[in-house]
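So you can see what is in the structure, the chains are spelled out below.
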Amino acid sequence: MKSGSDYADVVVVGSGAGGGPVALELARAGARVVVLEKGRYVEPGSMVHDEVAKRRHFMVPDVRDEPHTLRYGEHQAAARTAEGWTANIVGGGTVHFSGFFHRMHPVDMRLRSALGPVADANVADWPISYEELEPYYRRVDEEIGVSGTWKAHPHEEPRSAPYPLPPIDEHPIARRIDEATARLGMHSFPTPRAVLSQPYRGRGACAYCSMCADYGCPTGAKGSTLAALLPAAIATGHCEVRARCMATEVVVRDDGRVDGVVYRDAEGMTRFLRARAVVLACTAVESARLLLLSRSSLFPQGLANRSGLVGRNLLFSSGALGGATFRSSTPGDAERHLSAQRSVQDMYFMDTPVDGVRKAGTLGFLVGFVEPIGMAEAVAFRSDGGEPDAVVWGSRLKQRLRERLSQQQLHFESFCEFYANAGTYVDLDPEVKDRWGAPVARMTVSPHPLTRDATRLIARKAMDVLKLLSPDEAYVSTPQTETKFLQGGTCRFGRDPETSVLDRECRAHEVPNLYVSDGSFLPTSGGVPPTMTIMANAFRVADGIVRRLRAREI
Amino acid sequence: VILPGRRGFLLAAGAATFAALGTKVRFDTPVALASSDTPFHVDLPETLSVLSVAEYVTLAAACDRIFPRDDTPGAVDLGAPVYVDRSLAERPLPPWADGFRAGLARLEADALRRFGVTFGRASHADQESLLADRDASPDPEEARFLRNLVTATLEGALGDPAYGGNAAGAGWVELGFPVDPFARTRMP
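Going down the list, the protein sequences come from chains A and B. Note that the first sequence covers residues 1 to 554 in this note's numbering. Note that the second sequence covers residues 1001 to 1188 in this note's numbering.
Derived from the structure by calculation, the hints contain no laboratory data. Model, not experiment: these values are computed from the prediction. For every residue, glycine included, the Cβ atom is placed at its ideal position computed from N, Cα and C. Check the hints yourself; a few may be wrong.
Covered, in the sense of this in silico footprint (three residues per stretch, anywhere, with C-beta under 8 angstroms from a C-beta of chain B), are these stretches of chain A [claimed, not checked]:
| # | stretch |
| --- | --- |
| 1 | 38 to 52 |
| 2 | 203 to 214 |
| 3 | 401 to 414 |
Whenever a hint applies, use it, and build me the whole structure from the sequences.
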């Protein structure tokens, strides 16, 4: 399509897990698509492991220009933070994710029915079933190339096809984890990864540098939209990705339909892009903010927000962090940095409550990669399990760093149900504005007691496993936190416009040509990282849009 | 580069003798040598981006205490002070930069008040007590400055060489970090 045009069939705001699949499928169907991405474009081959750039928040916006604000409970003052941004780059959070590509389980789509009423939580069944989503999970597997092992454990979700690629090679410690979990009556299995274990569709296989998390992939083996979806979308000739273009308002016509998107381009100019339909996919926090900023006489509380529900029911993934230190290490691979590649889902959903919990999530084990500055800083500031005391510096710092480098670390993390509740939401900060004068997103977070209990249960089980491995030390460094890269819920989908923002197609109940295809639709967080599910749902949403475009309904 | 005035100040104070940027600053007075075996030498870079020579000397001496040379290179060998100076000129500023120069000034003022010499001329033991005092200080600004100083020093010693520190990657190689083939250049 003509570059720089001020008309598109569909504008997609955001190029990550929610935007990439929509852009690709619409472009394949012949629709003219413009993707607006506020971040810059970085050539995949330029994705080096630059730890200094990471520490200067290369992947997320500068908090001095574009903060979020965060408070734990309404009694607190909200403080400026970079948290709640997932990315600021073409490809979004998929550029720097680890690519733990678990599917959600059938119970996640009917959690309200499975649990019954949960006091002080807004647990809801989805308007679609796992079976309706399954073909789209399969499509993600095939489009981006997911590596894994089918029929590896009894808690596995149903699948209609095996993984297209065999699992990623693993560190020998994986076998010891398998033995330990078996002794405890649990079932560890190879973590499915959005990382190519073999060359696939013109992309190269994993080089086993092990530095997926927080870094871009230099070989293109990681299944980011940047590497796996956007090139195919652009190759159709129907899709244009406009980098460094920040959507600032979705404009509505007098008839209540969306007219297009106002955005600030790379030169700072305000421009308008007219479209037949608009798809928001700039994360649960920012999609909600954009709707709330898009006020008009028809929608004085923000677009598609007559219900007052936009921004409500914010979800994160709840996690516990910890690990173990081994002074005598299990020998790995001299050439390749292999990870433990193990997950456990025995605590996903329990028929009989354990520690008062029936729904928890996924426990993961990994051999961490070494970030030189991060490791030295952890030693200096004793954030690695040691007691917080004076800062360590001088010859003692170098000595401890050498010890640390001679030890093996095995880490655990978890992805646990975050129960939606009235105290956890996004709204516009009444005081803080970004450098262009727009109110920023304020996150108010009040984890439900069940979220805490479920997360601690997983940490306890992780410690049981680690202790069986005879480490020199095992520790829980963080009993419960919210992983704010993993977010959802602010525009919940459902059948009833009184209790949901989007319909089952993820189209706004109140605006017939407005869609939201990022994690905003999620009524429940699931006990896995939501990215795989966001991608699968985005493919599903795209099919619905294509159908309505062809029927001239939008 | 903002040299002449600062150089004049330093010379007037009698703290150091040196010719120009790109040369060594030698602290070879009896005071400086009182409790250390060798005089403290700083190779001044060809240019300074933000810091004055006096600030640079204070910074280098502090980096040397935080990550000293032993059988592997120390922060000064690796170019950490150069990294810090260059980083203070970059936008966006690194997170540790907030209040950094004010913290250096307080460190220098404390050295003069307590020991009668600039921080760079103080003995290693006195330098170490000045740094330790910051961590224990009831003023949260001082504790924050020490942490920022440690962070900046470690970034300069162990970050990517393209930022001006970690000369030739020696911080990684000589300290024994696993070799990462994708960690040799700066993000564009």
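Hint check:
1. With 9 residues having a Cβ less than 8 angstroms from any Cβ of chain B, the stretch 38 to 52 of chain A passes the three-residue criterion, so the hint holds.
2. Under the rule that three or more residues need a Cβ within less than 8 angstroms of chain B, the assignment of the stretch 203 to 214 of chain A holds, with 3 such residues.
3. Check result for the stretch 401 to 414 of chain A against chain B: holds, 3 residues qualifying (beta carbon to beta carbon below 8 angstroms, three or more required).
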